[in-house]
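A.B. asks: Each chain is listed here by its residues.
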Amino acid sequence: MPADYAFPDASAKNAAGELETEKMSLSMGPSHPSTHGVLRIQMELDGEIVTKAEPVIGYLHRGDEKIAENMTYNQFVPYTDRLDYLAPLANNMAYAIAVERLAKLEVPPRCQAIRVITAEMARLSAHLLGLGAYAIDVGAWTVFMYTFTEREKLYRLFEELTGARFTTSYARIGGVARDVPEGWIGRTTAFCDQFLPILEEILKLLTRNKIFMDRTVGIGAISRQDAIAYGLTGPNLRGSGVPLDLRKDKPYSGYDQYEFDVPVGASGDCYDRYLVRGEEMRQSVRIIRQAAGRLPDGPWHVTDARRIFAPPKEKILTSMEELIQNFMLVTEGPQMPAGEVYFEAENPKGALGFYVVSKGGGVPWRLKIRAPSFCNLSILPKVCVGAMISDVVSILGSLDFVMGECDR
Amino acid sequence: MSAETVAALKAKFPNITDRASLDHPAVNAPAAEAGGVLQALRDEHGFDLLADVTAVDWAKGSSPRFTVVYHLFSTTGHGYFRVAADCPLDGDPEVPTATGLWPAANWHEREVYDMFGIRFTGHPDLRRILMWDAYPYFPLRKEFPLAGIDTPLPDPEIAAETGTAVKPAPMAGGPFVASSGAMNMTEAEPRAKDESWNERRTKPEA
Numbered sequence: 001m002p003a004d005y006a007f008p009d010a011s012a013k014n015a016a017g018e019l020e021t022e023k024m025s026l027s028m029g030p031s032h033p034s035t036h037g038v039l040r041i042q043m044e045l046d047g048e049i050v051t052k053a054e055p056v057i058g059y060l061h062r063g064d065e066k067i068a069e070n071m072t073y074n075q076f077v078p079y080t081d082r083l084d085y086l087a088p089l090a091n092n093m094a095y096a097i098a099v100e101r102l103a104k105l106e107v108p109p110r111c112q113a114i115r116v117i118t119a120e121m122a123r124l125s126a127h128l129l130g131l132g133a134y135a136i137d138v139g140a141w142t143v144f145m146y147t148f149t150e151r152e153k154l155y156r157l158f159e160e161l162t163g164a165r166f167t168t169s170y171a172r173i174g175g176v177a178r179d180v181p182e183g184w185i186g187r188t189t190a191f192c193d194q195f196l197p198i199l200e201e202i203l204k205l206l207t208r209n210k211i212f213m214d215r216t217v218g219i220g221a222i223s224r225q226d227a228i229a230y231g232l233t234g235p236n237l238r239g240s241g242v243p244l245d246l247r248k249d250k251p252y253s254g255y256d257q258y259e260f261d262v263p264v265g266a267s268g269d270c271y272d273r274y275l276v277r278g279e280e281m282r283q284s285v286r287i288i289r290q291a292a293g294r295l296p297d298g299p300w301h302v303t304d305a306r307r308i309f310a311p312p313k314e315k316i317l318t319s320m321e322e323l324i325q326n327f328m329l330v331t332e333g334p335q336m337p338a339g340e341v342y343f344e345a346e347n348p349k350g351a352l353g354f355y356v357v358s359k360g361g362g363v364p365w366r367l368k369i370r371a372p373s374f375c376n377l378s379i380l381p382k383v384c385v386g387a388m389i390s391d392v393v394s395i396l397g398s399l400d401f402v403m404g405e406c407d408r
Numbered sequence: 409m410s411a412e413t414v415a416a417l418k419a420k421f422p423n424i425t426d427r428a429s430l431d432h433p434a435v436n437a438p439a440a441e442a443g444g445v446l447q448a449l450r451d452e453h454g455f456d457l458l459a460d461v462t463a464v465d466w467a468k469g470s471s472p473r474f475t476v477v478y479h480l481f482s483t484t485g486h487g488y489f490r491v492a493a494d495c496p497l498d499g500d501p502e503v504p505t506a507t508g509l510w511p512a513a514n515w516h517e518r519e520v521y522d523m524f525g526i527r528f529t530g531h532p533d534l535r536r537i538l539m540w541d542a543y544p545y546f547p548l549r550k551e552f553p554l555a556g557i558d559t560p561l562p563d564p565e566i567a568a569e570t571g572t573a574v575k576p577a578p579m580a581g582g583p584f585v586a587s588s589g590a591m592n593m594t595e596a597e598p599r600a601k602d603e604s605w606n607e608r609r610t611k612p613e614a
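Line order of the protein sequences matches chains U and W. For the first sequence, my numbering gives the first residue as 1, with consecutive numbering after it. For the second sequence, my numbering gives the first residue as 409, with consecutive numbering after it.
Pulled out of the complex, with its shape left as it was, chain U reads as follows:
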């Protein structure tokens, strides 16, 4: 032992005659299994009680907004995959709709329905991973195995549709990359049919599970007022009892044609957020079934926007006019009017917003990404105070954030 080191006097008392305690500082992360990525939380502890929690973010900052200012609108689609990389299909769609609002472009019903199906499948896949990982965080391994198996089935369908399992880049400004393959809709509804009983089984593993309830009920409660004041969105806001769902309240892509319910929590604790996500998966299946059941025929991309959506490949190879059109699109980008739009979509993690400022031409002047995970994490300093250190793990898992989106 170094000579200058001595144990503090354990029997030291303060002025009030109580035993002297010392606050301890603890850095959790950036590489900690429960921080789901690279989040660091600098905590101050009084024994096992958290007295201060300061999230340190930015470890995954890649400058997506700067990159967006330096490329055409279509070139940015793959970057949106890498925001919330657990639900790239939903991000693609949110970005495409934001730019379409700028161009005042209305996509045909078939395209809207395809986008709804894929976005809801992305929600299923994101919630399945979030749920499985959350269960591991609070000590239940098995759930992860079930949810990952189901997620794998979804990924097979994604691969068939987009050619990629993870980074799908499926949406285009004014349409989607390609029409759904033959028989894919049938396989998707077949997935839904077999998925529902398994989902019930998964939720049964947790909903009345004594250990899971001990770790979540009454932990990390967020009041309705706080949830709104901190700008929470998505399941975290609804877990606190605010029935806000942009699919219902500000419908886009034809969500108003489908019947579904918006689950809300009562007390805003970790358990409520879990229940909301569980129920959302059932509702997503409902939406997928409705959309797949009456998928409209017709074009799957806009047909009247020559300066925005690329012509069919066979035309490019055989006709001079379409060749020039394609060349202009690729080199200069889809031509947008000047102006600004702000669009938010209800993504698995919350409201993903894109604020696009255009000066005309094929490149955005400014593109701001409003990341739901960023806003949801900002409540952490408030909600962690007074919790035990093991509760912090539970709270983090229940907020279900993705650092790729938070840091951009």
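What the hints contain is simulated information worked out from the structure, not anything from laboratory work. It is possible that some hints are incorrect.
As the list claims (entries may be wrong) - Taking lysine-lysine pairs in the DSS-like style, the calculated list, with each CA pair at most 30 Å apart, reads:
#: 1; chain 1: U; residue 1: Lys250; chain 2: W; residue 2: Lys418
#: 2; chain 1: U; residue 1: Lys66; chain 2: W; residue 2: Lys575
#: 3; chain 1: W; residue 1: Lys550; chain 2: U; residue 2: Lys210
#: 4; chain 1: W; residue 1: Lys575; chain 2: U; residue 2: Lys104
#: 5; chain 1: W; residue 1: Lys468; chain 2: U; residue 2: Lys66
#: 6; chain 1: W; residue 1: Lys550; chain 2: U; residue 2: Lys66
To be verified - From the derived model, a few chain W residues whose C-beta atoms are all more than 12 Å from chain U:
#: 7; residue: Ala428
#: 8; residue: Ala434
#: 9; residue: Ala440
#: 10; residue: Gly443
#: 11; residue: Gly444
#: 12; residue: Gly469
#: 13; residue: Ser471
#: 14; residue: Thr484
#: 15; residue: Trp515
#: 16; residue: Gly525
#: 17; residue: Gly571
Virtual Cβ for every residue (Gly too), placed ideally from N, Cα, C.
Position chain W against the provided structure of chain U, taking the given hints into account.
C.D. replies: Chain W only, in chain U's frame:
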């Protein structure tokens, strides 16, 4: 609802003006009055959720150079509202903070400060949030190059030990990108931006 909201705001704050918008109702407010406008929107018109705070850099030479943009959402009326405030000083942009109205503004304003260098007066904790504390630049300003700038590592001890720095990305003459704005065909053609070398300026000898 939106037209009435704008009219009511204009009656209360004579200095605000309509802002051209393709989607949601929007107003321009002087930076000093932006806080009052936001508070009126929150308390009198039900825009209770601060969805987003961001800024736009209109590039060096334009005045006003920086505009701070707020997006509000009403959880009861289900509509958005945009408030834009031009920063009065181009060289030293600052606007009053909205953290007193919404704690949500805290992180958003830290990010705007981090990326644009716009100071929010009265902010309780105005530090960088995505970049590290000692980072010397504001990366989303238009003059900041896409490739980045040579910068010391965040930790001086590690920098001294390894002798390395954060290097600009190797761009190899590219990327060849189009520019924002309506232009004639020759100008609109994609070209190398902010690179160390291109056809007019040859690659420096290594």
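A.B. asks: Now tell me if each hint is right for this structure.
C.D. replies: Structure-based check of each hint:
{"no.": "1", "hint": "U:Lys250 to W:Lys418", "result": "holds (26 Å)"}
{"no.": "2", "hint": "U:Lys66 to W:Lys575", "result": "holds (17 Å)"}
{"no.": "3", "hint": "W:Lys550 to U:Lys210", "result": "violated (55 Å)"}
{"no.": "4", "hint": "W:Lys575 to U:Lys104", "result": "violated (41 Å)"}
{"no.": "5", "hint": "W:Lys468 to U:Lys66", "result": "holds (16 Å)"}
{"no.": "6", "hint": "W:Lys550 to U:Lys66", "result": "holds (9 Å)"}
{"no.": "7", "hint": "Ala428", "result": "violated (7 Å)"}
{"no.": "8", "hint": "Ala434", "result": "violated (8 Å)"}
{"no.": "9", "hint": "Ala440", "result": "holds (23 Å)"}
{"no.": "10", "hint": "Gly443", "result": "holds (16 Å)"}
{"no.": "11", "hint": "Gly444", "result": "holds (19 Å)"}
{"no.": "12", "hint": "Gly469", "result": "holds (15 Å)"}
{"no.": "13", "hint": "Ser471", "result": "holds (16 Å)"}
{"no.": "14", "hint": "Thr484", "result": "violated (9 Å)"}
{"no.": "15", "hint": "Trp515", "result": "violated (4 Å)"}
{"no.": "16", "hint": "Gly525", "result": "holds (14 Å)"}
{"no.": "17", "hint": "Gly571", "result": "holds (23 Å)"}
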